[in-house]
Structure formats: structure tokens, C-alpha cells
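Colleague: Mind docking chain Y on chain U? Use the hints.
Protein chains: 2
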Amino acid sequence: MSLENIRVVLVRPMYGGNIGSVCRAMKNMGLSKLVLVAPQASVDWAEARMMAVNARDILDARVEASDLASAVADCVQVAGTTGREGVYRLHSETPRSWAPTFLASAHSAPVAVIFGAEDSGLSNEEVALCTQILRIPSSPDYPSLNLSQAVLVCCYELFLAGGGYEPPVEKHPEASHAHRERMLAMWESMLHDVGFFEPEKADHMMMAVRRIFSRGRLSEADVQILMGVARQVGWATTKREPDT
Amino acid sequence: MSLENIRVVLVRPMYGGNIGSVCRAMKNMGLSKLVLVAPQASVDWAEARMMAVNARDILDARVEASDLASAVADCVQVAGTTGREGVYRLHSETPRSWAPTFLASAHSAPVAVIFGAEDSGLSNEEVALCTQILRIPSSPDYPSLNLSQAVLVCCYELFLAGGGYEPPVEKHPEASHAHRERMLAMWESMLHDVGFFEPEKADHMMMAVRRIFSRGRLSEADVQILMGVARQVGWATTKREPDT
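So the protein lines, in turn, are chains U and Y.
Quick note on numbering: the working numbering labels position 100 of the first sequence as 100, and the sequence is numbered without any gaps.
One rule links them: number in the working numbering = place in the second sequence (from 1) + 244.
Possibly wrong hints are sitting among the right ones.
Selected chain U positions facing chain Y (Cβ under 8 Å, derived; list incomplete) [said to hold, decoys possible]:
{"#": "1", "residue": "ALA41"}
{"#": "2", "residue": "VAL43"}
{"#": "3", "residue": "SER139"}
Quick list of in silico lysine to any residue cross-link-like pairs, SDA-like style, CA-CA up to 25 Å [said to hold, decoys possible]:
{"#": "4", "chain 1": "U", "residue 1": "LYS33", "chain 2": "U", "residue 2": "VAL43"}
{"#": "5", "chain 1": "Y", "residue 1": "LYS415", "chain 2": "U", "residue 2": "VAL43"}
{"#": "6", "chain 1": "U", "residue 1": "LYS171", "chain 2": "Y", "residue 2": "GLN284"}
Taking CB as the label site, the calculated pair distances span [stated by the list, open to error]:
{"#": "7", "chain 1": "Y", "residue 1": "THR482", "chain 2": "U", "residue 2": "HIS91", "range": "47 to 53 Å"}
{"#": "8", "chain 1": "Y", "residue 1": "GLY327", "chain 2": "U", "residue 2": "ARG211", "range": "30 to 36 Å"}
{"#": "9", "chain 1": "U", "residue 1": "SER120", "chain 2": "Y", "residue 2": "ASN368", "range": "29 to 35 Å"}
{"#": "10", "chain 1": "U", "residue 1": "TYR165", "chain 2": "Y", "residue 2": "SER433", "range": "49 to 55 Å"}
{"#": "11", "chain 1": "Y", "residue 1": "GLU248", "chain 2": "U", "residue 2": "SER219", "range": "33 to 39 Å"}
{"#": "12", "chain 1": "Y", "residue 1": "ASN368", "chain 2": "U", "residue 2": "GLN224", "range": "20 to 26 Å"}
{"#": "13", "chain 1": "U", "residue 1": "HIS107", "chain 2": "Y", "residue 2": "ASP288", "range": "42 to 48 Å"}
For the record, the hints were derived by calculation from the structure and aren't laboratory data.
Backbone N, C-alpha and C define an ideal beta-carbon position, used for all residues, glycine too.
Pulled out of the complex, with its shape left as it was, chain U reads as follows:
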């Protein structure tokens, strides 16, 4: 599985809360390998555990390295993230355009995606070690994302590019054309009976009703419910007729 070959590398991280949030974001998106390069003395490890919540296994299994080069020595692709522009950072890609090719490399060998320290990002020397530069699309009014948010965007794009996500399926099957038409015929008849249609506008109004019921998919259960409404209105009006 490609996602297992992906290493998330945090360079000189400062805050335990961010490290923990990174663990949670990784596990949310099916990644598991965390490497910390020279975490700073300011890191509060208790806070990291708290923010990791159910991803403490990733925090506990982290690897630490003293420098970036040794953290990625065996990686065939090294993607660095940057929020800054600059002459060495112009050839950047978006996470969305980058994810499929990065994942293709991860199919057969280790790869790494690198995030710099909260205050300073990656240095030019660290950018030089990268085979790709990523820049997360963001507003010019405030382009700098929180570290764990930046990690999430990259992991989310990798998870989606991996195609592993299956959206939940509607358990009720979609109604057939004939089933929908039987329901619409019942509604047309019912709307006639209750006097909803002005005679010369009946066709026009029925088209509008059809349009309302065609805005999205209708399941067999939905059609049964709408048939039940028409049937019940018919029953109620018949029953009441003697009173009016």
C-alpha cells in the first residue's frame, strides 16, 4: 500500500500541540510514519499526547533524527512545503497537482513530505534537498497556515489521490422511471381532486411540480412516501366531503 511508504517529516518543531495535531491529521488520512528532525526544547510532550487523541500510537512510534539529510536519505522523492516566495521556491506545485505522481513513487519506495518550523519554515539549505516544492493555495491576506493544518491539506490530497475512500452508499435503491411516473400520476389526480389546478394552467403547474420532484435523486422509499401522501389526501378529502 502506497500510503505506508509516506513519511511526514517535521523540521525543528516548536509546539507539542502542533505535533499532536499532526499525528491526528495523519491518522485521519491513513498515514502513520512520523519523523521529527531536532524537535526544539520548547516542545510540551504532554500537550502533544493530548492533541493526538486517538493517534497516540503515531506519536509513540515517531522516529527522531538530528538533521534533514539523514531523515530522508533512503527516500526517492522529497517534497518540501513553503509558505514563502523566493528565487529558490518559484517552481512550486499545489498539493492537488503533486499528489498523484508522489503517490506513484510511494508505490515502490519510501518518500517524504517535509514541513519546516512554525516560525521560520524550511531554510534555503533544506529546500535544496527537496525534489519538489509544494505551496498550499491560500489567501494573500493571510497565506500562512498553522503547521498541523498544512500537514492535513497534504495528507488529505494524498488520501484522496490514493482512491481509498468510498463514500457512504444510500441503502435505499433509486426509484425507476416507471415508479416515479406512477407517483406523479397519483399526485396529478390528487391535485385535481383538491382543486389545486386552475383548468387552463393545469399542465403548466404540473410541470412545475414535476420539476420540484426532479431536483435530486429519489429513492424507492421516497417515492413510496410521496405516494402515501397522495393516497392519504384522497382518503381525507373523500371522508370530509359530506361535511363541507
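Modeller: Okay, now just chain Y, sitting in the frame of chain U:
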């Protein structure tokens, strides 16, 4: 501008850190309107300010409402997020498939995207008020995202769907075919001169060299650098010949 019509609504949020991180994520993605429905007594507002960093303007401009219905009364679309499955939540969309149509509504009227409390999410009564249900793709091993991370994914998809992001442009123009070919001719000649080619394999190796230089775009500046390398090698070998 469509993004200005989008309201981010947090229902009964518990943690100030999350509220602040939501403000930052919103501003990163060009959104500005935050509504809090019945924030809980546990909220630490100082922590919210700290985590908002440069998005304190969004925190300060927040609107508070006592219930969800009044928070979204004027909204033409109300998208609710859920991490749970259930009979009322099966017809969910992904943020990516949802964003373009939601944004189209936001072009002319207010719309809202709703996030439930950290511990319990949205209730069935709140889900009933929504016109769409969103589910963020995530790993079955740990599907539940942190609140501010869930907000970021939705805002990121809206920002990208809005098409407002322009990737940084390479300042050096791309090299023309003829420019690249002049460089490759200089390299071929230089590789001959230094004895790199075995005679019967020269064409084959030159194809490999061409392939290396064709993996990505080459700018005019890149081609100038490669020409300079070939020229300098020629100079160095000529100069040294008398010595060897």
C-alpha cells in the same frame, strides 16, 4: 464576491483553541463570517485569541446566536458536516463534489456551513435543518477530524472551487525548442571531447542525456547555465591538454 456570502457556523463549541484555529483557517482560505451558536461555558477566550494569531479580526467580528435556526434563517443553502453514519446522514456528499454548487448559490445570497460540537457533532434535529450533508473523506481507522481541521478542509475546497488562487509564476520564461537544441548540441560535442562516449554507444547515451534534460520544463536561465557548463568544460580540457 461569493466567499463573502459564506457563513461558518460552529454549534455549541467547547474549546477556545479550536475557535481560534477556525478563525485562522477561515482567513487562510479567504472567508470572514463566523457565527457561534451557544458557545459553551468551557470556552477559553484568551486561548481562542492566541490560536487565531493574525485572524483576530474574524474572532472579534463573530456573531453569536442562541440556536441554529436563527443563525441560518436568511441562508439559501445550509450544509451540515457529520462524521457519523446514520439513517438521516446517508445522502452525504464530499466537500469536493459539493463546493461548486454551494459556491454558485453564494454568488447571490447568504449560505452557511455548519459544524457540531467537538464531542457530539450535530444532533438529528440540527441535521434536519440542513439542505446538504457533508462528510469529509477519512480513514476508517480514525474517521473523526479535529473541529478546526474539518473547517479547514471545507474552506479549502470552497477557496479552490472559487478559482481565486493563482499559483506563483516562474519568472524566467521557458526555453524554446531551438535554444534547448543548441544547448544539447554543445553537450554532445563536449561529451565527445572528454571521451564520455564509447563510439558504438554514442547515439544511445545521447538519447539518455536528452531524456534527463527533458523530465521537466527548462527555463531560458536553466539552458544558459547548462550551456555555460559545456563551455567551461571545453575550456578546462583544452587548457589542461598540454599538461596530460
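Colleague: What are the numbers of the hints the structure violates, in ascending order?
Modeller: 1, 2, 5, 6, 7, 9
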